[in-house]
Amino acid sequence: MSEFYKLKNKVKHYDWGSPVDIPRLMGIAPSGEPWAELWIGSHPGSPSMALTDAGETSLADLIAGDPRRYGTLPFLLKLLAAEKPLSIQAHPNLAQAREGFERENRAGLAIDSPTRNYKDANHKPEIICALTPFTGLCGFRDIDEIRKQLAVFLETAPPVLREGFAPLTQALSNHGPATGGTALRDFLAKLFGLSQQVREALGEYVLSLKEPSPICELELMQDLARLYPGDPAVIAPIYLNVFRLEPGEAVFLEAGVLHAYIHGFGVELMANSDNVLRGGLTPKHVDVPELMKVLDFKPFKPRIITPNADCFSYPAPCDEFSLTRICGPTEISLLSIEGPSLCIVTEGELIIAIGDRETVVKRGESFFIPPFKRGEGPLWLKGNFTLFIASCGGAASCGVKA
Numbered sequence: 001m002s003e004f005y006k007l008k009n010k011v012k013h014y015d016w017g018s019p020v021d022i023p024r025l026m027g028i029a030p031s032g033e034p035w036a037e038l039w040i041g042s043h044p045g046s047p048s049m050a051l052t053d054a055g056e057t058s059l060a061d062l063i064a065g066d067p068r069r070y071g072t073l074p075f076l077l078k079l080l081a082a083e084k085p086l087s088i089q090a091h092p093n094l095a096q097a098r099e100g101f102e103r104e105n106r107a108g109l110a111i112d113s114p115t116r117n118y119k120d121a122n123h124k125p126e127i128i129c130a131l132t133p134f135t136g137l138c139g140f141r142d143i144d145e146i147r148k149q150l151a152v153f154l155e156t157a158p159p160v161l162r163e164g165f166a167p168l169t170q171a172l173s174n175h176g177p178a179t180g181g182t183a184l185r186d187f188l189a190k191l192f193g194l195s196q197q198v199r200e201a202l203g204e205y206v207l208s209l210k211e212p213s214p215i216c217e218l219e220l221m222q223d224l225a226r227l228y229p230g231d232p233a234v235i236a237p238i239y240l241n242v243f244r245l246e247p248g249e250a251v252f253l254e255a256g257v258l259h260a261y262i263h264g265f266g267v268e269l270m271a272n273s274d275n276v277l278r279g280g281l282t283p284k285h286v287d288v289p290e291l292m293k294v295l296d297f298k299p300f301k302p303r304i305i306t307p308n309a310d311c312f313s314y315p316a317p318c319d320e321f322s323l324t325r326i327c328g329p330t331e332i333s334l335l336s337i338e339g340p341s342l343c344i345v346t347e348g349e350l351i352i353a354i355g356d357r358e359t360v361v362k363r364g365e366s367f368f369i370p371p372f373k374r375g376e377g378p379l380w381l382k383g384n385f386t387l388f389i390a391s392c393g394g395a396a397s398c399g400v401k402a
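Residue numbers for the sequence shown follow my numbering, beginning at 1 and rising by one.
The hints are simulated quantities; they were obtained by calculation from the structure and are not laboratory data.
Backbone N, C-alpha and C fix where the C-beta goes; we use that ideal spot for every residue, glycine too.
Any given hint could turn out to be false.
With a straight-line cut-off of 25 angstroms between C-alpha atoms, the simulated SDA-like cross-links for lysine to any residue are [stated by the list, open to error]: (1) 210 to 222; (2) 298 to 243; (3) 284 to 14; (4) 293 to 170; (5) 190 to 63; (6) 6 to 364; (7) 190 to 244; (8) 84 to 371; (9) 10 to 53; (10) 148 to 159; (11) 298 to 210; (12) 119 to 63; (13) 8 to 74; (14) 293 to 222; (15) 119 to 288; (16) 8 to 229.
Pair by pair, the computed Cβ-Cβ distance ranges are [what the hints assert, rightly or not]: (17) 142 to 57: 50 to 60 angstroms; (18) 142 to 3: 28 to 38 angstroms; (19) 283 to 169: 23 to 33 angstroms.
Using the sequences and the hints, build the whole thing.
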């Protein structure tokens, strides 16, 4: 193993992004505009550029021209910096993505159309690992828990709201061992179908409530109501689980899980896709019928993954990627990487040693490593740093500290 390539990456300036988190990590003065995502990879929407001896070249072209022919990257690595909540959303499974992509192609929808749901034919399992305290919503709560929380929420509600929500509470009451998914589907359909009058009353009621309150996550609901008046998804914390991550902790999300990232800065790794079905909390295109097609309506509580070693690979039950975090101060070797890998330094300064050649990689810098086997390395990592490695074909193999 004798090569790696530093990368130049592209930024997405979505309006929910933080103006400071990504620039601070990269050592760049903030411009005042939101920096939402930094894309690291070969996705055609924003491919990284590799810095080679011959100059800059697209990472996709570099990979395609490699004589080892190990194929394209099946994953996309991102820095995600949420100053405001992202849309409430879910991602399709592989069969749904292929069908939806072909259907929208036949309909003549341009890839960059704002009303397009499927930008590619791939699914999008993903993992988010916190760099700062991170809050999100993920997976339906247990039906009995939703029903109880909704009853508490509506206890002092005005008549227009109690009457408007009667079909929702009825839907939650019509469940049993064989009908749980049907109950959640009916509940969500009726929530999204609330009249404009009830939607407006809902936002006003949420903002009128005072702390202390027996209502769960009232402060979060009020934040959502201020940002998205008239959106019924402002009560998402009642029917979705709220998760909070400390730096280093992570959550893995499979296809069909309804979720929304609320606030925080993290490393996100996903299959190489940009397919998103939105259901609210956004000015972007919302397609509720299509979202309902891809949702998994079983209650789901996300598992928080906590690293327990300096070299730790986060469990990710999918074939496309594995995420490994290495923390210093340390001197540690990478013995092998089964597939091509993307790396980013998020803290400190890393020294990469290959034979007698050493290269410094600073905080905020990223690089690409082609795959290599035991006996071809090792690649030594030295210094006081935090490094994330996204790889495919299995996790990176770390050797003992020197």
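Against the earlier hints, flag every one the structure doesn't satisfy and list their numbers going up.
5, 7, 8, 11, 14, 16, 18
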